[in-house]
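Peer 1: This is what each chain is made of:
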Amino acid sequence: MAQITSVVPVAKMVGANRVIQGHGIVHPLGNPELAPAEEKRLREQILRQALESLQKEAGGEAPQG
Amino acid sequence: MRIVHYLNQFFGGVGGEERADISPQVREGALGPGRLLEQLLPGAQVVSTVVAGDNYAAERLDELKAAVLAQVRDAGAELFVAGPCFEAGRYGVAAGALCAAVQAELGIPAVTAMARENPGVDLYRQALHIVDSGTNAAAMREVVQKMLAVAQKLARHEALGKPAEEGYIPRGVLRDEFVEETAAQRLVKMLYAKTVGEPHESEFTAASFPPIPAPAPVADLSRATVAIVTDGGLVPRGNPDKIAPSAATNWGAYDITGLSDLRGQDYEVSHRGYDTRYVEQDPDRLVPVDALRELEKEGVVGKVYQRFISTSGLANPLANSRRLGREIAQKLKEEKVDAVILVSA
Amino acid sequence: MSAAGGLVMRLTLEIHPVTEMRVGDATALQGTALSLEREELRRSLLEDQRLHAVDLEIVAPGEACRFGVVFDILEPRAKEPGAGSDFPGILDPITTAGRGLTHVLRGAAVTVIDETAPPATGKIVEMSGPAGAACPYAGLHHLIVVPHLQPGLSRPTVRHALRLASVKTAVHLARAALGQEPASTEVLETAGPLETERRGLPRLAYIGQVHSRQMVAEVNEQIFYGANTDGMVPTLLHPNEWLDGAVVAGYFNMGVETYFYQNHPVILELYRWHQERRITFVGAIATVAASDNEDRARNCMMAAQQAKWALGADGVVLTKYGGGAPHADMALTARICEELGMRTAVQVNDMSRDRSAESALLFNYPEVDAIVYTGGSDTEWAAPAVARAIAGSGTAAEALAAPQQLAATRVCGVTSQQGMARLRSFVY
Numbered sequence: 001m002a003q004i005t006s007v008v009p010v011a012k013m014v015g016a017n018r019v020i021q022g023h024g025i026v027h028p029l030g031n032p033e034l035a036p037a038e039e040k041r042l043r044e045q046i047l048r049q050a051l052e053s054l055q056k057e058a059g060g061e062a063p064q065g
Numbered sequence: 001m002r003i004v005h006y007l008n009q010f011f012g013g014v015g016g017e018e019r020a021d022i023s024p025q026v027r028e029g030a031l032g033p034g035r036l037l038e039q040l041l042p043g044a045q046v047v048s049t050v051v052a053g054d055n056y057a058a059e060r061l062d063e064l065k066a067a068v069l070a071q072v073r074d075a076g077a078e079l080f081v082a083g084p085c086f087e088a089g090r091y092g093v094a095a096g097a098l099c100a101a102v103q104a105e106l107g108i109p110a111v112t113a114m115a116r117e118n119p120g121v122d123l124y125r126q127a128l129h130i131v132d133s134g135t136n137a138a139a140m141r142e143v144v145q146k147m148l149a150v151a152q153k154l155a156r157h158e159a160l161g162k163p164a165e166e167g168y169i170p171r172g173v174l175r176d177e178f179v180e181e182t183a184a185q186r187l188v189k190m191l192y193a194k195t196v197g198e199p200h201e202s203e204f205t206a207a208s209f210p211p212i213p214a215p216a217p218v219a220d221l222s223r224a225t226v227a228i229v230t231d232g233g234l235v236p237r238g239n240p241d242k243i244a245p246s247a248a249t250n251w252g253a254y255d256i257t258g259l260s261d262l263r264g265q266d267y268e269v270s271h272r273g274y275d276t277r278y279v280e281q282d283p284d285r286l287v288p289v290d291a292l293r294e295l296e297k298e299g300v301v302g303k304v305y306q307r308f309i310s311t312s313g314l315a316n317p318l319a320n321s322r323r324l325g326r327e328i329a330q331k332l333k334e335e336k337v338d339a340v341i342l343v344s345a
Numbered sequence: 001m002s003a004a005g006g007l008v009m010r011l012t013l014e015i016h017p018v019t020e021m022r023v024g025d026a027t028a029l030q031g032t033a034l035s036l037e038r039e040e041l042r043r044s045l046l047e048d049q050r051l052h053a054v055d056l057e058i059v060a061p062g063e064a065c066r067f068g069v070v071f072d073i074l075e076p077r078a079k080e081p082g083a084g085s086d087f088p089g090i091l092d093p094i095t096t097a098g099r100g101l102t103h104v105l106r107g108a109a110v111t112v113i114d115e116t117a118p119p120a121t122g123k124i125v126e127m128s129g130p131a132g133a134a135c136p137y138a139g140l141h142h143l144i145v146v147p148h149l150q151p152g153l154s155r156p157t158v159r160h161a162l163r164l165a166s167v168k169t170a171v172h173l174a175r176a177a178l179g180q181e182p183a184s185t186e187v188l189e190t191a192g193p194l195e196t197e198r199r200g201l202p203r204l205a206y207i208g209q210v211h212s213r214q215m216v217a218e219v220n221e222q223i224f225y226g227a228n229t230d231g232m233v234p235t236l237l238h239p240n241e242w243l244d245g246a247v248v249a250g251y252f253n254m255g256v257e258t259y260f261y262q263n264h265p266v267i268l269e270l271y272r273w274h275q276e277r278r279i280t281f282v283g284a285i286a287t288v289a290a291s292d293n294e295d296r297a298r299n300c301m302m303a304a305q306q307a308k309w310a311l312g313a314d315g316v317v318l319t320k321y322g323g324g325a326p327h328a329d330m331a332l333t334a335r336i337c338e339e340l341g342m343r344t345a346v347q348v349n350d351m352s353r354d355r356s357a358e359s360a361l362l363f364n365y366p367e368v369d370a371i372v373y374t375g376g377s378d379t380e381w382a383a384p385a386v387a388r389a390i391a392g393s394g395t396a397a398e399a400l401a402a403p404q405q406l407a408a409t410r411v412c413g414v415t416s417q418q419g420m421a422r423l424r425s426f427v428y
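Chains as they are written, first to last, in my numbering: chain A, 1 to 65; chain B, 1 to 345; chain C, 1 to 428.
Simulated from the structure, these hints should not be mistaken for laboratory data. Each hint should be verified, as a subset may be incorrect.
What the hints assert, rightly or not - Chain A regions said to be covered by chain B (calculated; three or more residues, Cβ under 8 angstroms): (1) 10 to 23; (2) 29 to 38.
Stated by the list, open to error - Listing some non-contacts, in silico: residues in chain C with all C-beta distances to chain A over 12 angstroms: (3) Arg-38; (4) Glu-63; (5) Ala-385.
By construction, the Cβ of each residue, glycine as well, lies at the ideal position given by its N, Cα and C atoms.
Could you build all of it, start to finish, from the sequences and the hints given here?
Peer 2: This is the structure we're talking about:
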């Protein structure tokens, strides 16, 4: 499991091993200021980070998003 | 008051580590610290004492439990006492288990005492009032005195006072009380003390969470089934599973077969802890079906699991969250899902 | 005389106690009796075209009365003409708040009811009984303003209209005190980091959140000198500015009312210690809890940096706004403060519904070990029926008057996030 969250300290405190930065509490995988196509690209990019972390040993620092 | 007392081989006077294997023995009357129980509480009578070895207790706890429960029942005990155990780890774990069993199965008050560092504390602090014995066995008399005070209140079904007043180790239960000083007054007083290096007493100590073993990496993502789970409360319009917007007790699995994009008009959000307008506008901002489908098409992931799973993570008691987590993990395991993306609001 | 020379941040509060509030032919303060001519106020409020009617009710301490849903509660205050703006940025042009003379109707309150808020869970004030005894607003004489809004307005527009009505009414009432001899005068003054004659005293500061991005601030949500705080980074805000109308409660205002910005418990307590020469109150910083990890990291760092290098603080009190997530921002700020050599004390709100300590906290930094824990989750009252209830509509008032379980978190001020709570959770 990889967790995408905008409150990383809480995820780490409770012991999540693969933590990826989300893009805001109110839209962890979006940004309403972007055009739809760009917003989807942002979403895909964060997802790719999460998928990448799933293929690596956990415990290293989460990729920065 | 009729008491049954449990001691390990050492405090029972049988012997040291070389006798740690002995099986439970029932002795009539008080032994060792049990004599203090009788001395310090007028009317107290230790009917019998069960003595067992520490290794026996560690290896055959169920048998020990059965023996002790039978003895407590047969003796017509009104109180069960185990220890004090101080730092002795196996002793503490056994004493905790026995007290918990007597309390739960027989409804008879049970009391034990340990040092805070004793592993029995972490296991049984929530279930029991464990008297803080400290690490020094020379303080036996005071410790037994505190145990008796706690036991008497338990026997009378009296509410116990605060841990520091009664001498037991905090069980981690919160209770509200109105106090004279406002939070602001308490804050400034505490900060002043801390700043000038005087002792200060925090009103709360943070909990530490044990590390969670990480599952191995996914070997081949291009052949893996990936599921999306969220605690952000996205549900189909009408909230068919009635997932509560705060302290939710259930979760739902919602079909996305054939969907390449989630549309706002089909969903709503049951979560009171964040501004949900953005997700309601475009649910992919929380449950990224559109982008994950692209990655599926490209072959980055093998398959997107046909449902997304959702609950609401606001103000949820941890015990409840753990249960929800276990249930969801179990379900996904049964469904042969290989990897999970959890999106939190 | 402070080192700042002639130009000092000195706020003088002229205190006019109010022990009676009644309807009268003119709005005037006679001794400690405040009379209100309702038509004049109503006309002034109805200048706002978004309102079509306004009900005005007066409630006295101890009355068997309950009212809600509370939009906000304010203390009636008005600046002496020429001394500065009332609620700068909302009502009047922006000038520095916290200087000069302000008239205070102590013992009075203006409470605005939101007729559009869902009544079952909304904030209320209980004036009598055990819940009243715990409610810090129960001892006040309330002017209750119930604005009725034109149909079809958006929620942000409604609330902006309520905000405007609230500050207008508070100032309108307090102007009755202009020209009157005050019963007492309070002078609040600190030159903050420029204080030089207090060597050896611990230098304490305050960092308070005034909004949380878990709810996005509305464009017209006026919180900080009229601004909605969007894009705000931590900002030095003199203690007197907090007290004198620079900050008002946001719309998502769990445990926050403007009354306790005007009478900020943390700021006033720091002032008390300052005046007793036990500490130097070096200043305060207003900040917001972030939605985004990078905003959080940036804000927390900047707030701590300012406390250290702009205020030269030795210790900092921190409080939060909103719900669970802002604890992370507060704790991270405290941790950075500790790393910079400042000691900290933080106020945590009760998040543990099951009353277990393990569910309670959203951070765990060993150095953030001075925690004030306001309770609330297991405090509630079986409140009896009340003779009088005031709400947005007749049916809402009827429902509110009925006997009901009142959770502590619903009764204004009981679980205050501004430091007013006398409630505390103990670990058993």
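Peer 1: A separate judgement is required for each hint: does it hold in the structure or not?
Peer 2: Going through the hints against the structure:
no., hint, verdict
1, 10 to 23, "holds (count 8)"
2, 29 to 38, "holds (count 3)"
3, Arg-38, "holds, 42 angstroms"
4, Glu-63, "holds, 41 angstroms"
5, Ala-385, "holds, 41 angstroms"
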